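The task is to assemble the complex, starting from two chains supplied on their own in separate frames and drawing on the hints.
Spelled out, the chains give:
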Amino acid sequence: MWSLRTQRARRTGVVTNYLGVALLAAAVCLGEYRVWSPPLAVAAFTLLAIVVAAFVVTYLTTGIWQLAHSDSSALDERQLQVAYQGFRHSYTALAVIAMLLLVGIVVTVRFSFFTLTWRGHYAFGMVALMLMNYLIQTLPASFLAWREPYAPAESAP
Amino acid sequence: METRKLYNRIGVLRREKGLSRQQLAELVGVNPQTVGYLEREEYNPSLDLALRIAEVFGAPVEFVFSAQPMPAMSAQLLARDQEKGD
Numbered sequence: 015m016w017s018l019r020t021q022r023a024r025r026t027g028v029v030t031n032y033l034g035v036a037l038l039a040a041a042v043c044l045g046e047y048r049v050w051s052p053p054l055a056v057a058a059f060t061l062l063a064i065v066v067a068a069f070v071v072t073y074l075t076t077g078i079w080q081l082a083h084s085d086s087s088a089l090d091e092r093q094l095q096v097a098y099q100g101f102r103h104s105y106t107a108l109a110v111i112a113m114l115l116l117v118g119i120v121v122t123v124r125f126s127f128f129t130l131t132w133r134g135h136y137a138f139g140m141v142a143l144m145l146m147n148y149l150i151q152t153l154p155a156s157f158l159a160w161r162e163p164y165a166p167a168e169s170a171p
Numbered sequence: 010m011e012t013r014k015l016y017n018r019i020g021v022l023r024r025e026k027g028l029s030r031q032q033l034a035e036l037v038g039v040n041p042q043t044v045g046y047l048e049r050e051e052y053n054p055s056l057d058l059a060l061r062i063a064e065v066f067g068a069p070v071e072f073v074f075s076a077q078p079m080p081a082m083s084a085q086l087l088a089r090d091q092e093k094g095d
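Line by line, the protein sequences are chains A and B.
The opening residue of the first sequence carries number 15 in my numbering; numbering runs sequentially from there.
The opening residue of the second sequence carries number 10 in my numbering; numbering runs sequentially from there.
This is chain B alone, in the form it adopts within the complex (with noise of 0.2 Å):
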């Protein structure tokens, strides 16, 4: 089966954090070389990985995860303030 591509904000959520990729890795129990696949995109993780990824983010998977290329946060966050004040 033909896997589709995954997008993530893996890096820019770990950077935020202050975390390293080696911290990450130990939080969500994979090795660190994984994480720098994960923030490649170059690995799609299994479901249970991108939970415990989510969970240390403290975010829902679809805002770390998505199928589609992910647009800047800062985008999202206008267009969402935009829309509270419709």
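Extracted from the complex, chain A is given alone in its bound form (with noise of 0.2 Å):
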């Protein structure tokens, strides 16, 4: 099956996979809060395709995906080293986007600690709750593919 060899690759994989999920999430909101237009249901199967695609190729097939998410039983010293940094960072970053996350809902919710709403409709709701998922999900991955010099499934030069 066709995969990305080199890291460039990956790391395109990497941000077409982040966008194309942003630009899925911000099709829905937009279909959800105003209307679902068969053009605007066209464009989101499109790009929930793309990142479907996306996700394979830079995460599946490359191996990426089982090195992040393997037993660490199953891993040798130097893949546990690099899974490792992967989960860290991953850490530092989801810490820094729940953080941002928590302040724009205090932000935007205004003068409210207790309710999510906004203007009648939930501020934090599904699809912010299925990004944060995703997010949490892929990041350890994605940390992998982006600085991994050589994927796992591959045999290196």
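Source of the hints: derived by calculation from the structure; they are not laboratory data.
Only a predicted model underlies this, so the values are computations on that prediction, with no experimental measurement involved.
A hint or two may mislead.
Dumping the calculated SDA-like pairs for lysine to any residue here, alpha-carbon to alpha-carbon at most 20 Å [to be verified]:
no.	chain 1	residue 1	chain 2	residue 2
1	B	Lys93	B	Ser83
2	B	Lys14	A	Glu91
3	B	Lys14	B	Leu60
4	B	Lys14	A	Pro163
5	B	Lys14	B	Ala76
6	B	Lys26	B	Glu11
7	B	Lys93	B	Gln77
8	B	Lys14	A	Val96
9	B	Lys26	B	Gln77
10	B	Lys14	A	Gln95
11	B	Lys14	B	Gln77
12	B	Lys14	B	Leu58
13	B	Lys14	B	Ser83
14	B	Lys93	B	Ala76
15	B	Lys14	A	Arg161
16	B	Lys14	A	Glu162
17	B	Lys26	B	Glu48
18	B	Lys26	B	Ala76
Chain A is nowhere near these chain B residues, computed Cβ spacing over 12 Å in every case [claimed, not checked]:
no.	residue
19	Met10
20	Arg18
21	Arg49
22	Asn53
23	Pro54
24	Ser55
25	Val65
26	Ala88
In this text, a Cβ means the ideal position worked out from N, Cα and C, and glycines have one as well.
Structure below.
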């Protein structure tokens, strides 16, 4: 199966994946808060296909996903080291994102620390929850895809 | 802590022994890709792994790994022979 062999290609895959997810979330929000028109639905499905394709070629076919999600007993010392670095950087990034999200909620939900609604809509709704969940699941593998010179599934030169 | 680069002769010794990366990886209990990283000197092994690799080649660990760039084995053997001759 086709896979991203160079580090540069994998980085492009990571960016495409997250850009696709962000645009997909924007399309879903637009559809939910305004109206689901046929062009918007087509755009959303196209973006979904791009996200799935980018996910498969960036994480699955390269072996990055397996490296990030294998049991530690199945990894050798170098793999453990790079997986640990991936999770360490992910934790830092998630902490910053979570803090920005909380600050954003407090700022947008004016003068209210108790309700998560703004102009009648949920400020922290399903889309945001799905985005956070996707980030939590994919960030370690993304850091590995970004930093590893060779993909684990490749036979290195 | 900044780690210094370690040099090694794994590639030369592996080929001399007629082992593939896969075979050496199985003998020392790592992923074949890790052998590639070691041969390219892009990864410093733990002491345990370094000793296991040296055991496979039947050589002292300082013959396989060094903190200094390693001279060619032929040059090292020639120097040793010359020392013996003196």
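Hint check results:
Straight-line distance between C-alpha atoms of B:Lys93 and B:Ser83 comes to about 15 Å, which keeps the hinted pair within the 20 Å bound. A C-alpha spacing of about 17 Å is found between B:Lys14 and A:Glu91, which places the hinted pair at or below 20 Å, so the restraint holds. The suggested pairing of B:Lys14 with B:Leu60 holds, with an alpha-carbon distance near 17 Å, which does not exceed 20 Å. A threshold of 20 Å between alpha carbons decides the hint, and for B:Lys14 with A:Pro163 the separation of about 17 Å falls inside it, so the pair holds.
Distance hint between B:Lys14 and B:Ala76 is fulfilled; the C-alpha atoms sit about 7 Å from each other, no more than 20 Å. Proximity of B:Lys26 to B:Glu11 is assessed by CA-CA distance (about 34 Å); at most 20 Å being required, the pair is judged violated. Taking the CA atoms of B:Lys93 and B:Gln77, the gap is near 24 Å; set against the 20 Å cutoff, the hint is violated. Annotation: proposed proximity of B:Lys14 to A:Val96 holds, straight-line Cα distance about 17 Å (limit 20 Å).
Taken as a hint, the B:Lys26 and B:Gln77 pair is broken in the structure, with Cα atoms around 24 Å apart against an allowance of 20 Å. Distance hint between B:Lys14 and A:Gln95 is fulfilled; the C-alpha atoms sit about 17 Å from each other, no more than 20 Å. Taking the CA atoms of B:Lys14 and B:Gln77, the gap is near 9 Å; set against the 20 Å cutoff, the hint holds. For the suggested pair B:Lys14 and B:Leu58, the alpha carbons sit about 16 Å apart, so the restraint of at most 20 Å is met.
A hinted pair counts as satisfied when its Cα atoms are at most 20 Å apart, and B:Lys14 with B:Ser83 does not qualify at roughly 23 Å. Distance hint between B:Lys93 and B:Ala76 is unfulfilled; the C-alpha atoms sit about 26 Å from each other, more than 20 Å. The straight-line distance between the Cα atoms of B:Lys14 and A:Arg161 is roughly 19 Å, inside the 20 Å bound, and the hint therefore holds. Proximity of B:Lys14 to A:Glu162 is assessed by CA-CA distance (about 18 Å); at most 20 Å being required, the pair is judged to hold.
Taken as a hint, the B:Lys26 and B:Glu48 pair is honoured in the structure, with Cα atoms around 15 Å apart against an allowance of 20 Å. The hinted pair formed by B:Lys26 and B:Ala76 fails the criterion: a straight-line CA distance of about 24 Å is larger than 20 Å. Remark: the non-interface label on B:Met10 is consistent with the geometry, its nearest Cβ contact in chain A lying 14 Å away (cut-off 12 Å). For B:Arg18, the condition that its CB be more than 12 Å from all CB atoms of chain A holds, with the nearest at approximately 18 Å.
The claim that B:Arg49 lies off the interface is violated: its Cβ sits roughly 8 Å from the closest Cβ of chain A, which falls inside the 12 Å cut-off. For B:Asn53, the shortest C-beta to C-beta distance to chain A comes to about 9 Å, within the 12 Å cut-off, and the non-interface label is violated. Chain A draws B:Pro54 into its interface by the beta-carbon criterion, the shortest separation being 7 Å against a cut-off of 12 Å. B:Ser55, annotated as away from the interface, has a beta carbon of chain A within 12 Å; the closest lies near 5 Å.
Distance to chain A confirms B:Val65 as a non-interface residue, since its nearest Cβ pair spans about 15 Å, more than 12 Å. Every CB of chain A is more than 12 Å from the CB of B:Ala88 (nearest about 32 Å), matching its label as outside the interface.
The structure shown violates the earlier hints numbered 6, 7, 9, 13, 14, 18, 21, 22, 23 and 24.
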